[in-house]
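Hey, can you piece these two chains together into the complex? The hints should help.
So you can see what is in the structure, the chains are spelled out below.
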Amino acid sequence: MGAPVRHVVFLLQKERYALPLAAVREVVVPPGRFTRVPRVPPAVSGVMNLRGRVVTVLCLRRLLALPDGGQPGEKIVLLDRGRRDLGLLVTDVEGIESLDRVSAAPGRQSSTVSGIARLKGLAVTVLDPDGVDAAVAALF
Amino acid sequence: MTIDMSKYLGLFVSEATEHLEALGRDLVALEREGEAGAIDSMFRHAHSVKGMAASMGFEPVARLAHRVEDLVDAVRAAPDRLDRELVDVLLAASDTLMAQVRDVARGSAPQEAHALLEQLSARLRDVTGRAPLPTRVARTVVHLQAAASADAHARPREEVEPVRRAPSRWALKFRVAPACQVPGVRAFLVHRRLAALGEVSELRPALEDLKAGRIPDGLVSLRLETSSSEEAIRTSLRNVPEVELEVLKAVEAPPPAAPVQDAGRAAEAEPGRTVKVRTEHLDYFLDAVGELMLATARIREVGKALPEGMRPPLEEGVYRLHALVKDLHDKVMTVRMTPLSVITDRLPRAARDIARKRGREVDLVITGADIELDRAILDVLADPLLHLLRNCIDHGIESPEERQAARKAPRGRVSVSVRRQRDRVVLELEDDGRGMDAAGLKAAAVARGSLSAEAAARLSDREALLLCCLPGVSTARDVSDISGRGVGMDAVKRSVEGVGGTLEIDSEPGRGTRFTLRLPLTVAVVQLLLVAVGDEVYGLPIAKVVGAVEADLAVLSRSRETALLPHGTGLLPVHPLAGLVGMEEATVGGVRPFVVVEAESGKVALAVDRLLGQEEVVLKALSRPLDRVPGLSGVTILGSGRPVFILDVPRLLAA
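Here the protein sequences line up with chains A and B, keeping their order. By our numbering, the letter at position 90 of the first sequence is numbered 90, and the numbering carries on one by one without gaps. By our numbering, the letter at position 271 of the second sequence is numbered 271, and the numbering carries on one by one without gaps.
So here's chain B without its partners, still in its complex pose (with noise of 0.2 Å):
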């Protein structure tokens, strides 16, 4: 074994082990159910260990997990020839395979099981009448050439394997390498490209923690279903550096059935047994695992500064702790995964309280309340949603009389369903009330100079509506203790967008309105450009930000007092950043970055002095005092440790 392989040693052992142990488990559950989803789960297996054996060129191990692949493979086809003999010869063939891992961790060679080889391939002709294919072992992941090999090029391939033919969906498995800096954006690159061949689907970690890196030992699973050739997706994936390509394989199944597996062992399991944990308790855990990866990336930043030769076996601790303390923030954040009836369970008591002080008649159905959400979010989430809950009771639901009169049912309805769209929860609150009157908005927005009637006339009725987040933007006629002073729906607003969230406001005009909230499941992630203003270094929304400019600012000509940066073909108003942020504004003159930024009432240009770049950062929430700073809206941790707030450019300018 070579030098180079070494550090990967430690990686291969505790794979294939998992591996290995699931093969076992697999076959337990198919002797004892029979299930086809736990073929396609062996297959994968067998197959995982072939192909990293094969690359650490451990052949006794690739040529046996090649035959136990290949007697799977034949079952698969013929599941009627799975017998008890034939699960025991598989049973101890993943045996064999455990004692060569081991042999292998020990450091030395591992057995060739001849006989064990021998008992398969006999196996093998039963099932399927024709002598296994040779295995070839190299020391790149050759399985694709070797599936086919030996008689494929006598007869056409379709003809020798019909099922393969012009297959649509692959299995794919990638892995970052280990010293990888930047194993989320590399693995991310893979993911994108791969999205434009075709669709994507069972990914392997979940998109989420692999933007974050969440990425146990570098390896990401998936399924691509595609109209392009292999060789198509293997030249896509071909420049993506640090990331090797170790599974492609054509699967002509549908998905295999997992979650009826899953269903069906949770089922048998014992009821889980529980604990209760105090909340702060887990807050601790969060913030106790983000050091650790703070400290860790240190270590690794440390390490760059070692000579050449003592990095390898730093690096792959390094690596390993990286993955662990990625699997404990995952573990972390499972448990801290917290059914949204804790807030909606509030709200039917609320809703009574609101609509009897209002003179109102209402139906609140909350459905989807067992869906959980991190209780982070949860946290953010309640005061907003008790406001919105508020508002549709006050402004939307209609009096009785009111209702009659327009021929509806003296009783309004309020409904908060909350459901699971892939990555995100999405909560809707719906009344069948009066609507909210865009053009009313509009008006009341611009009377209150938040706006021009240019750009009021300009908006759609869909974005009109948000301008009720708009401070101090309310269309309400009296002035109620509940709601209409035209504050709250600022604060939702940015509550909502606070936690990586979004917020949408659908409306008629007496049929009612609908809130619609898009909340990421955990504490959000998201892309920030940095920006240098002095000694600070501050975050902007990427979403926010429309492009970056260079320009002197002493020639951009001024309207009273104001420079004016030409932006394709207007004129951006200019707003140093620093003083915005309340600094001494620099006064060196010469060319410097502007960043060009929506605001509420167009684009505008900000002044900083340099440009840091993009990062993918963890939001966190402003806590007390800080959420009361205006224009913040929220606070991350880069990997230097140092706290950077996230600006929220609208609020900045009008505070």
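The following block holds chain A by itself, in its conformation from the complex (with noise of 0.2 Å):
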């Protein structure tokens, strides 16, 4: 059932979730603190300055209304959008993986993710990167 993408899989508290690799500009370390922005959802972390670019951070737990599992978040996925610059705050990052089968995700539909996939046995839920992009633009 279709070629192989890769995408990268990190965690979200407990939850195993992807994004694909070409949607992903690069994952780096959150700053000590985020500068904040005024008058925002609170799914809106703050902005950090990756060399001389302010990126906007969201914490993704929050964007996709998921419970707070009480990890922190410790990577930045980076997404490759354009001329956005925005960075998820996940718990941590796995790697780079294949995933082929897509099925459709259990639960309420949104537009947010696409589906699940097995990997290694396990579940991962694979996010729709354009739905991030307008889940975010809707914050704003």
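Bear in mind the hints are in silico, worked out from the structure with no lab data behind them. Everything numeric in this text was worked out from a predicted model, so none of it was measured. Think of the CB as a built atom: it goes at the ideal place given N, C-alpha and C, for glycine as much as any other residue. One or more hints might be untrue.
Said to hold, decoys possible - Computed list of chain B residues with no C-beta within reach of chain A, every gap over 10 Å:
#, residue
1, ALA78
2, HIS114
3, ASP126
4, ALA177
5, ALA195
6, ASP353
7, ASP363
8, SER399
9, LEU529
10, THR562
11, VAL596
What the hints assert, rightly or not - Partial pick of chain B residues on the chain A-facing surface, computed with a CB cut under 8 Å:
#, residue
12, GLY290
13, GLU291
14, GLY582
15, LYS620
16, SER623
This is how it looks when you write it as structure tokens:
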């Protein structure tokens, strides 16, 4: 069912998520603190300085409306979205894996999720970069 | 050589080499083309080498350079005496100077060039008919005394050197100390003091770069036209710390014909070869250079913690690095310069479409589109320009029938003209339509509650025209799908101010409207007042800050919950900044600072926790999705690497 596509696989609390590698620019370690953005929803963690660029960082857990599992965000997945500088704060990044069979995800439909896949016997929720982008834009 | 000079050695070698190479080039150009401009340039180079060598204590170099300077000066007075042999001698001298500098670089003492000094003296006697003056080399820069020296005390100086009588033009060169933490501030201070004495011209580096601290090797040169005395010029600079005046000398000639020389060279050079570069790469370069600057600043900070004895070599290294990175930054900025035609080329088509849709007849005339701006500014400018054009055609230009009734040509005219004005680019968009209705705008603003009727009555017509930049204020009778909804002009003003530009509107009823955009050439440098609220730092544009007052919020009188701060003869409404930016308001009492700022409907006082001081920063435009956040006008990255938002107080209050 379709050629395998390389994905960046990461942890959000204890769940596994993935984004197509083509949609990810790089993975960086968050700075000690973010600069807050005035009057935006709490899903916006703030902005950071990445080599002279000001990157807006979002808490992916809050963006997906998941409960807080007490795990701190250790990594930032930077999206490659044209002129937007967006980063997603995630619990940890596991690596790059090829995923081929993406089937419909259980639970309620969401534009941010394109489906689930199986990786080494474990479930991975595959996110839709355009859906994530739209969800971010809706916050502002 | 003393140890404290060693850290300047590298600098001396690189600079002296540059000057000597330039001297050689000038000589060759002079012989080939006989240009007077080259002589002035040669004189400056020889003079600079002399000053540098003298201050470093390299006497043989200073002596030889002085003799070259004398000879060049003599040739300047008698250009017809310049012949091939003279050029040969000068070239030999410049080669020898270069060899001496190489000696210095290797750590050995420069050799005295006796034979060459003799030759130069002989030539000087040939040209002027008098013997060369002795060179005195001191550790401080002494060329003024040296130039006048010897027989000056016997006769009044004016008789000896008639050209130097009551000079009103001066050539100055000063250097900001390599260890200086705020070179831009120091250099700017010097510039300001000199500007107070008279007219400053030929400033290198340009003022914008100077203020941003982009000063290659800390050297600043300029010309000053003043009626003040030499002593007054020196005195005015005496108290500026970390700045050393290297050259101060009278110049009798009007500015040398440098541009002509440049043009000549450019024409001769083979046509420049170009390559295409993807714009993302250019953006990446700029970001990378920005990061390099931050990294350099960080190393410098770390160096401050080192023991005294270990600092000089590190500081020299950091200084060199800093200078190199600044140069690189300048180069990147140059490469990023893009002609305005990139965004004006699409205007004729847009004008035609809008005119057709609205039944107008319009001629669009664009001039000066070859002028270049940083592409970051062009990117920001593209939409506002289109919006202004729409406004002109849609609201400005009347229908052909109306125009004929008003005895105008049936075809309207919209002109876009661009010109350079010192360090700014001025873009004017002008129509010959019906003009704007200042009274109508006042009424609309009052009706919308943006302004009190009294405040509106106080506005001049010119100020009133800018009311169209308030959100929701428009005098357009009908809402078209092109413009007239009152959104847009506020975005235009915000975009222009966001890149450090200004917007002005002039209009004459029945005659037309002119929008004037004054834009910086490169990404804007703005003065900010940094304030702290809780753990956060925010920047307020100094241009909008009226002052700061300390008071205890708890004791201020209130009206319907709003605290009022006495200021001048009035009372200003107090807004806690924490609340405006959506933070918890601190409950701690006591005296705290209030920043008084201009808002749309008068002054307001912002309660902050601390004032952190003024800083000059490079403004960055807000990228998506930050540009959607109301109340932000830009963002910058401080020396510490921390991003800080610049607040747009009126919008913050309105949102």
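*Enumerate the violated hints, using their earlier numbering and listing them in ascending order.*
none
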